[in-house]
Each structure stands twice: as C-alpha cells, then as structure tokens.
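For reference, the chains in residue letters:
Number of protein chains: 4
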Amino acid sequence: MAGNTFGHLLCLTSFGESHGPAVGGVLDGFPSGLPIDMEALMTAMERRRPGHGEFQTARNEADLPEFVSGIFQGKTTGAPLAFLIRNNDQRPADYKKMEEFYRPSHAGFAWDAKFGFHDHRGGGRSSARETAVRVAAGALALQLLGKFGISITAYTGQIGNVVSHLSPGDVNPVIVMDSPLRCPDPLAEAEMKILLTGLKAEDDSTGGVVGCVIRGVPAGIGEPVFDRLQADLAKAMMSINAAKGFEYGDGFAAASKKGSEHNDPYEEQEGRLRPASNHAGGILGGISTGEDIFFNVAFKPVSSISKPQLTAGKSGQVQHLSIEGRHDVCIVPRAVPVVEAMAALVIADHMLISGKIPRNIL
Amino acid sequence: MAGNTFGHLLCLTSFGESHGPAVGGVLDGFPSGLPIDMEALMTAMERRRPGHGEFQTARNEADLPEFVSGIFQGKTTGAPLAFLIRNNDQRPADYKKMEEFYRPSHAGFAWDAKFGFHDHRGGGRSSARETAVRVAAGALALQLLGKFGISITAYTGQIGNVVSHLSPGDVNPVIVMDSPLRCPDPLAEAEMKILLTGLKAEDDSTGGVVGCVIRGVPAGIGEPVFDRLQADLAKAMMSINAAKGFEYGDGFAAASKKGSEHNDPYEEQEGRLRPASNHAGGILGGISTGEDIFFNVAFKPVSSISKPQLTAGKSGQVQHLSIEGRHDVCIVPRAVPVVEAMAALVIADHMLISGKIPRNIL
Amino acid sequence: MAGNTFGHLLCLTSFGESHGPAVGGVLDGFPSGLPIDMEALMTAMERRRPGHGEFQTARNEADLPEFVSGIFQGKTTGAPLAFLIRNNDQRPADYKKMEEFYRPSHAGFAWDAKFGFHDHRGGGRSSARETAVRVAAGALALQLLGKFGISITAYTGQIGNVVSHLSPGDVNPVIVMDSPLRCPDPLAEAEMKILLTGLKAEDDSTGGVVGCVIRGVPAGIGEPVFDRLQADLAKAMMSINAAKGFEYGDGFAAASKKGSEHNDPYEEQEGRLRPASNHAGGILGGISTGEDIFFNVAFKPVSSISKPQLTAGKSGQVQHLSIEGRHDVCIVPRAVPVVEAMAALVIADHMLISGKIPRNIL
Amino acid sequence: MAGNTFGHLLCLTSFGESHGPAVGGVLDGFPSGLPIDMEALMTAMERRRPGHGEFQTARNEADLPEFVSGIFQGKTTGAPLAFLIRNNDQRPADYKKMEEFYRPSHAGFAWDAKFGFHDHRGGGRSSARETAVRVAAGALALQLLGKFGISITAYTGQIGNVVSHLSPGDVNPVIVMDSPLRCPDPLAEAEMKILLTGLKAEDDSTGGVVGCVIRGVPAGIGEPVFDRLQADLAKAMMSINAAKGFEYGDGFAAASKKGSEHNDPYEEQEGRLRPASNHAGGILGGISTGEDIFFNVAFKPVSSISKPQLTAGKSGQVQHLSIEGRHDVCIVPRAVPVVEAMAALVIADHMLISGKIPRNIL
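Residue numbers (the UniProt record's numbering), protein chains in the order written: chain U, 1 to 362; chain D, 1 to 362; chain W, 1 to 362; chain P, 1 to 362.
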C-alpha cells in the first residue's frame, strides 16, 4: 500500500537512490517453476541503459542485476525475486550547484516540501535511475508472458514534432530493436535524428511519445469498475518519470469522432465473433477483447538542460542557471523499455488475477 | 484490493447494476466530525443526472442517495459512509434486441468473455449508471476538501471538434455551473450546441474532453514512485466509463516542446519561492507543488446510437442494428461531475495519507 | 485498505451501525456463475440471530439480507454482492443511562478517544450487530467452498469453566446444528446449561471458546511469509467482537510439549504421503497440508451485565451502574456462525489466490 | 498485497532464502528525518542471532544489515529503507539427507505442494533465518516509536512447562535484556535452564511462550471493524515461524471468567478517566485505551531434532530419521526480539494511520 509497491497479486517493490550504493527491487507473487533467461534480461537492461547513443547521457553503468532471492537452479522458486543494481558511476561533483538552486521543473522543489529534505546529488529517488528497477522486473514478467503467447512492443512514436505514422498493428519489433531511437518508421527516425542534433547544439532538449502494442492477450482480463485494464495501465505509465499523458485505442482523437465512425462492428471469423476494427484499442468496459491492446504515453522534454535558464535560487535571487552534468536530449528512446516493462507487469498481474496464468508453471 | 474498491486510506467500494434494484457505495476512512450538507450533495447528484438537457437521455431518476451508515446527528461518525441510490426508472423492454446482438463498442462482448455472462438489460455493472455512486461519494470528499481550502472544478473543454481555449486558470466555476453543457466558454458552448443538434438529427453521437482544475492543494502530497499524484489521478479518470485518455499540465503538447520552453523557472513571491509558470500542472516528481493542478480526460463518442450499424449478431449473421432506447448524444457534460468526484476522492485520499487532513475534524 | 474491508482477492466491506437503519456488506471478487441457495443462507443467518435461546438477548429481528447487487436469475454475476440487513428492533430508550457512563470493558471509551464521538445508543459500529454482515457474506463463501468439497464446522468448545473434550476430528456438524448451545458434546452441554442458568440468576455473564474444524482444503494454500494461512485466520478471528485469543493445531498446549511428542511423522496412505498425526492443525510453514485445519477462539465474558458495578461516570464520580437492556449471558453460541463465516472468507480468498477456485464457475 | 509485504501505510517487504546469498527487506512509508542509531539496531540484531547461547544453534553470522537506500547523512529520507543481510555461514552438506525425507512438522511438505518445489538445503524461505529481516525493520520502527514515548518489551514467559508468573506490568526490560533466556523472572529462568539442559541431553526440544508489553501507546489507535489493533497484532505474531497461538489481555483465561470479574471499571486519576484494572490488555473495541497493551504468543517445540524419529521418506518407506545440523533446543529466547519487532511494525503503522506520528519528523 505504501507508494513504492505496485501491483495486485504480482507486486513490484522498488528501492534505491541514484547516488546511493544501489537501486533494486522485489518482485513478489511471481509463479514458481519458470526458467529465467538471464541473457534476455540483460538485453532488456542494456536497452534502457544510458551512454550508448549520441543523444543520451554518457553515464557508463553495467546495470547487471544481482539476484539475491527467488531463483534456484535457474528457475523461479515462488519466493520473492529480489535484485540489486549497483550504482557504479556516481559523480556528485556535477551536482554541487544544486545545493543553491532548485532545477526548474525538476522534482527537488516538491520533494523538499514533502520530506523536508532532498538529496541534491542528482534526484535521489526521483531520478530516472529508478526505472532500471522497473526494466529488470518487467523483463521477468515479459518472459512469463512469452510463455503464454503474449508479446509487448513499445516504440518511439514521436520526438519533438516528428511523428511516426505507422499504425500500432504494423509495428515490427525487430525493426524497433535495431533502431537506435527505437523507432519503427525509418523515415521518421531520420528526421528525428536531425531534430535531436540541432537541439543538442542548442543545449536544449525535447519531449516525445512512446507507443506500445500488446499482442496475444486473451479476452477477459481486467477488473472493473476501478481496476479496469486501461486504468491500471494508465497508472503504471503515469508513474514513470516525465510522463505527461496516456491514451489508448483512438485516445484523444476519439473526442472529435462520431459514434458511427468510432464504433467497432462485429464480424465472424473462423466461427468466432470479433470486432472488425479496433478503435477500442483492445479493451471494452475495462476488460480485454482479445484484440491487440495499444496505447501512447507522452513524455515532457528533459528538464535538465545546459542552456542557461533565468530562475531564482533558494535565496530568492534570480540568476542564470546552466545545468552541467550528463543529460539526455530526449528521454523517449530510453523510456521505451520502461513502458514495455510496466505494461508487462500490469498484464502479468491481471493474467494472474484472472487465473489465466497459474501460480505454478509446470 | 478487489476491483470495485478504490483508494488507499479513503476507500470507495462501489456496487449495483443499472437494472437491479439499486446502485450504491461505501466510503470508508472518512474523518469523523464533518457536518454533511445534504443539499450540496443533492446539487452534485442533480448535475450528473440524465434527463434535463436536450442532448441527454430522457431517463428520469431522482437519484436521492439514502445514507444507511456513517452519519449521526448530521455529522460523520468515522464509520463507513454507506448509501443506496435506487433505480426507479428501468425499461428492460428497450433492451430486448440486445439478447441477439453485442452492441458495437459496448462492454457486453468483453464482459461475456470474462464472466460467462452479461446482463443484456442495459449494461449492468458496465453502465454509466454506476457513476452516480462516484458522484455521491465525491460530493462528500468535496465537502471535506472545502473545509481545507481546496476546490475542484471540472468542465467541458471540447465536444466533437469544438474546443474551448480558456486556460484552466481562467475557468470560472460559477459559469460552468450555470452552463447547460458545463462549458466555461460561452462562445464555444454556442458552437457545441449547433454540433450536437446536427448529430441528434443524424441519430449519431460524438466524444469530447473534460478539463479539471484543482485549486488550493498544498505542496507535498503524492507518494512516489508508484503512487505519484498524477498516477492516481490517471487511474481514477481512466476508470470512468468511456474515458480514452488522460493528460496533465501541458500533456501531449509537451511532447513537441523544448525543455527551455516547457521548464517553469522559480521566482520569489512574498518571501516564498514558487514556479513562475505552471506547464507542470502543479505536480513535480509525483508530488504537488502548491500550484493549481489541472488535467484533461478524453471521452469517446457514445457507442449506443440509433443510426443503423452493420454488425454481426451473436449468431454470426451481419445485419443492420439500430439501438433504440434513451441515449446521450455526447456524454461529456454528464461526465463533468464524475471527473470532479474522482479527483476529489484522489486528493482527499492523499491529503489523509500525508497527514494534512486529520482523521478527526474538531 | 481502510479498516472495514477484509480480504485479498475476495473482499468483504462491512458497513452499518446497530441503531442506524441497517447494517450491510459488499462482497467483491466472488466468482460468477454460482447458483445461490437463499434458504441455506437464511439458515445461517438464523443461527446467529439473537432471541431464540433462553440465555440470549430477546431482540427480535428477522435479519433478512436484501441483495441489491451481484445476483441475476439466481446466480452470481461476478459483480459485487451487496446486501442490506435492516435494523427493525431498536430500543434507544434502554441506552439512556449510557450518556453519563462508559460501560466498563465496552468499546465506547476507546471509540470516543479515536473519533471524538461515540454513539451511546448501543455500540454503533462496535456492536455485535455488525457480525450479521459477516455471517451473510460467509454464507456465500461457504456455498462456494461446498462446491469444491470444503466444509467448515465451528462449535462451542467451552463455556465458563465447562470444557468439551471432543477432538476436532470427532465433531459432528449435525449434532452441533441441533444443539441450542452449538456444542458437539451433549454431556458438556448439559453442564453448560446449568452454569448459564446460575449466571443468569446472578445477572452475570461468562466467556468461552469456539472451536472450528475445516475439512477438505487441498494442500498448497497460504501465502508466506506474512499471509500465512494461520496469520490470516488469526486476523479474521481476532477481528470478531470480544475475541481474546486464537490458537491452531495444538496451540498453547504445544508450548509445553517436546519436539518428539509434537512432530507429525509421515506415512504412506494409498500411494500418497501424508502426516500420520495432526498436531500441526493442517498447516505447515503457513501452507495447508491437506489435513483438517482446526483452531480455537477465546471469547471474553459479555461486558454488559445487569449486576451492579462500581465505576466512575463521565463526570468522574464513582457510582453503582446496572446495565439494563437485553444482553446475552454468554456470547459463545452466537459467535459460532461468525467464526464459521470468517473462516469461510479466509479459505475462499486463499483458494482464489492459489487458483484452486476459478473466477468463473461453469 | 502479495504475501511477502506486511502493513498498511508502513510496509515491510521481506525477501531472501536461508541458503541463498542474502536475506533482506524494504521498509516503505517510514517518516523522513529520523536519525538512525545503528548501534541500537545492531544490538537488536545481536539478540536474535543464533550461536551465543548454549541452547541455541551454533551458526555464526555477523548479521550486519547493509542499508542500500533511505538513509542520507545519518537520517531517514522518506525513501524506502532497503537492507541486505548476507548469509555467510551456509553448510548445505548438513541437509543432504533432506532430499530423501520431508522433516516431520517442517514446512517442506506443504511448500512442495504449493510451489512444486522446495529448497531442501535448509528451509529456504520458510527458515527462521527470514526473521532477521523482521528484527532489522522492527529496530527502525522501535526507534521511531521511542521518539514518541512508546516502548516495547518482549520476554520469555514460558519454556516447556516452566512458567514465569510475573505480570506484564512488572516486567523490567533491563532484566530481560541481561537474561540469557530473555526471562524477566530469575527463579523461572533457573528452572528453564535445567529443563533445557535435560532436553539437550535427550536430543529433544520444547516450545514456550513469548510475552510482550507495549507501554506509552496513546488512546485511539486501531481501525475497526477488521483492522482492529489486536487483529493486526495477531496476524503479525501468527506470521512468525512456529507460532501456534496468540492471546491478549486475559486471553484464553477470560473464557472462564465472569463478566463481573473481567470488567475493568473506570476511575478518575488526575482529572482523567481511565480503567482501574486492565483485564482488557489495553484495547477495547479494537482501539487502544491508553493503558499498557500486552499479549502472549505460543511457540511449538523446534521440529528439527537429532533424536531419531520414525517417519516415511519420500519413497514411502518408514525409517528412522535423525536430523543432524545445528538446531535450537527451544526457539523462544530467539523469538523474543522477533515478537518485539513485529509489534513495533504494527504499532508504528497504526500510529501513522491515525496521524499520531507525522510523515516528516522535524
């Protein structure tokens, strides 16, 4: 119930601060008997990791989760899966100026108001570093879902004003995986690169949108009226650093449509009734329909920029602030595996609640 | 933990089906000692109620919540506040055709997949009738918040492609309350009426957007990393029938902004540091900043339309379906008090968690 | 999460006060498709009901739960099961003196300290009247468990110093059901009656012990390390009014045993390994073993007695207080169905969590 | 909600297995700003640690919790407090025989039934090793409570049939701390030693009772009707390995008392009404009265004994089993700090829920 635990039956508890010794997580409620593919888990971690794209921060961290519980002889035991990810590359000197300033649009100001305290060294608990925990836990959930025919592909759908117009159903996970910007649309990606190069030169940043498509979810998961599948997905996504919006199916575009345009009529396919179109985004009344589930998550521009900003310091005097240190031009490519991970946790949780995944994998 | 309970310390449990004898709710964790203004509660109920707008369904229900627990001598006792809202105006005959068809984009199909069962009489638990419960509980939360200087105003921000361009800070609750469409912008409202009149003539429907602004929340509420204030608001909003998207602060528009445009620098006002602008929407790092909190919720077009739709019946044969019965052209004006109510539940819950509202009001 | 909701996946939310219009409950997470036997439910209600034994209070209430949600055409729908039990027989006059006194060992004193308020008319929320809700919800859970071969029998094991020495395995539910004192041992029951007659003449009361045996639970339910089966049973039992102790298996007697006496060795029976004895009480390491689960719950003597007590009134002056009104000499026979009900809720919840009962009964 | 997290607002998530690399915990919801006394924490850990009493197992583990989150510059930050306790002294060879046998009355049999799997190396997650996590987390809660004038003293009240007859109010924490058996009564302790020496010679074990007294809790904490203070205490205690029973106040002895004997009349003391006696054990109606809270927890005899037992192996054949390895004669002295720790977690949680401890300590 405390704020660092997420989920109903499958619960992730997250801990750790960006400049402490480690971040980590405890994933409880995971079925016993699943063989864990540590290489696949490392690939997922690698995708979130900063430092290997030209528009991303140069921190260099191996991000190897050390599992201390829940796996025996390569399989899950049913005990909580606990892991640590050490923080190896801390440079507190970069943050010295932060004792005098609240960085504009950064969590420090609000954190101070709440806890009477904020670790100025780089965000502490509000740092994007915390999302490494989600990716590690999500990688476990993804492996579990894979065993039940469910795949999840998140991707960069927009950076700044450059938008990929591929429909979710056409997104190819292989292309996304190979793309440095995690964009399924090579033409859009080329433009995104030009945009990012320009912003980097200006010491500025931009936002974007992560899309996500979930394939293979059977009809019947979701717990109305409050734990509707989209409500739990929305909470999961809006709990990610820098997320500003969530929409599923036709989303905000549905607002200006007519019912006769937006409705998905039924048709029979191979003796089974199913919606002929999928404006709904795979969920009706809070419950999965068996069609692809897809949604978008908007991210704000990175707030830490080197470009000087006029802002008042803690003493009240307005001054130019230029935030040094290592910062992404756009968080979106790195947010892609985080969105994927959180989606996996929600879907696995609801598959367990519905009894569609057993507690014990044989 | 089951799907019909919402909240952490202040919990609403909702029950009832649209064509059963009653819907109702239990609001637990509410402080003792608050005098309840039943007239104000009835006004809130009245605003949600169908049947008094020309674009809304003609059901006629008094919607008087009968309180059976938690109030003694006009004050809350600290015991759960339980109430019933009787369903007086049921016309099951309208729904006869629904035994043969799943209505396109209606919950029945998914509900059947989950429960092996769906009450064809009009949505059962998936009906918008259920939102009356939220409005009644939210009205109690609004009264509690009012005592602590917090006010919440939801409003119609968009219907179809007609958009109100008032900024959230300029929304006047008195104008909203007086507006039949709950729109704070009279010019936009006039256009909206024309649009709705046309759609009604076509037997069609449309969607829209509800905006909401929360004033007076102190800095420091919200429980990162998962129970961030915006995450709980997102879950609350996306649990409302027909909601398709949620955004706060600059929302999806933030995606195409630069950091230097989107950041809110600090300034000193009356000896206190505060953000000079509010692109953030009143929340940073998941915690309130003390500024106005504002967000939007997108709603899809009403799926029940009289305009004939080509769709397959349960037997598989494609046929024209024309949904008779009473249906709104646009749900948005009636969703306004529901959004307000759910926001009130989230804010009151977090005020209690943070200790900013005591369990016992003196 | 608020204090009036119990359970993990199967959640009972309880509401209502003894002297308000009704008590009631919402049982959420109950599988869809179970035919409900209303007569069996009424029989369970009848057993808890006061007024039909010579040592029990003379309140006369029909205690008919009115279901307002969750049942359609005689079967559960998967929606929350909500019910009201009207309070028909209120006699506030009996409680007039209570405005001047806190009744010794009654909840009023503590309730006042918490809520700044206590309904002097007879316990309000702390009244045993609230247990009617548990019995109604438990009756539904019992029907669900019955479908899966699980039966629960609670019984009077001790009244005052009169103890039934039947072992839990020998308790016959038919004898218990027929016994006015719910005692499986007719010789003990005869003595109990003599004891109670004497106490009634003295205007005094006594306590006792309710035993309970649960048969047919498969091995493998319970969620260590905190949601051990016995931990959830203990919480359930200790949440009942007047309960002072819980023990399972050999319980407190195990404290003075040797390991060699207390251990249950294994033996093979029909090709299956099982414990040859059952000192454990059917649970090891927090998980069911497949053997009978049995436990005891101690209840204190009824605190409301007509016999004069020397106690200080709210004004501080010590005076004789004689509590008029209708009171049981011993609560134990009426606590029997409450213990049974709470046990049913815990076992059904864990059967659902373990996936041993599906969410949808075909 | 998953089984390895305990608490409402203050939540302990426990992880780790006895023969994995570490056990550990995450304590979330802890107020910010409390200076942590690591020496006091180590003293608490030391008390639980095996290997320094002649009747306890000879495992030698430093049990130093390594904190990886939640403390900055010696104070709590409001972020989750996460810690690891490495397992240094594993001797899997001792457990080789366990691949062929389920140890009688040990968790392995039930664990296998649930997870299809049990770590035969020594209990895995069901090992008493897991309680080290509770003690570390409890030590933090004890420091928090100390700041608010609340102290908790658990003690050995019974070993085998040797009972200490000190009343809870007379228990002196200094004597308990100095006593090797954690017994407040030196005469009883002397007898307990003789008993344990005899049992050790027989290669047998025994059970016992841990008592606990909580001083300084203000009136008004506890959340009826289900999260009554005693219900949460009972769950906490019954979640401890080997616990078989819980009672508070007069407990099971209340069963045979009369109302007139058991009731606590009120008296005025220094202008304040309070109970003149405390049969209630400091809780009425689920809410603290301001008096001492006291309870007992029964523990079964240690099930791992070297004395040969006749039991069937997994193959079904009955054989003598003599469990080698390091085992306590009686777990009770080591359970004392575990009971204290769990009590501290419950009380701190309820103090936070009631708003009597703020989220931010100045």
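No lab work stands behind these hints: they were computed from the structure.
Just to be clear, a hint being listed does not mean it is correct.
No copy labels: a pair is met if it fits in one copy or bridges any two.
[Said to hold, decoys possible] Calculated lysine-lysine pairs in the BS3-like style (CA-CA distance at most 25 Å, straight line): (1) K257 - K356; (2) K307 - K356; (3) K147 - K257; (4) K307 - K258; (5) K75 - K147; (6) K257 - K193; (7) K314 - K200.
Going through the hints against the structure:
1. Taking the shortest Cα distances, K257 and K356 never come within 25 Å of each other, neither inside one copy (35 Å) nor across copies (42 Å).
2. Taking the closest pair of Cα atoms, K307 and K356 never come within 25 Å of each other, the shortest separation being 51 Å inside a single copy and 38 Å across copies.
3. For the homomeric pair K147 and K257, neither the shortest alpha-carbon distance inside one copy (38 Å) nor that between copies (40 Å) is at most 25 Å.
4. In this homomeric assembly, K307 and K258 come within 25 Å of each other (Cα to Cα) only across copies, at 11 Å, whereas the closest approach inside a single copy is 45 Å.
5. Taking CA atoms no more than 25 Å apart as the test, K75 paired with K147 passes inside one copy only; the shortest distance there is 14 Å, against 34 Å between copies.
6. In this assembly of identical chains, the alpha carbons of K257 and K193 lie at most 25 Å apart only when taken from different copies (16 Å versus 33 Å within one copy).
7. Proximity of K314 to K200 under the C-alpha cut-off of 25 Å is found in neither arrangement, the shortest distances being 28 Å within a copy and 57 Å between copies.
When each numbered hint is compared with the structure, violations occur for hints 1, 2, 3, 7.
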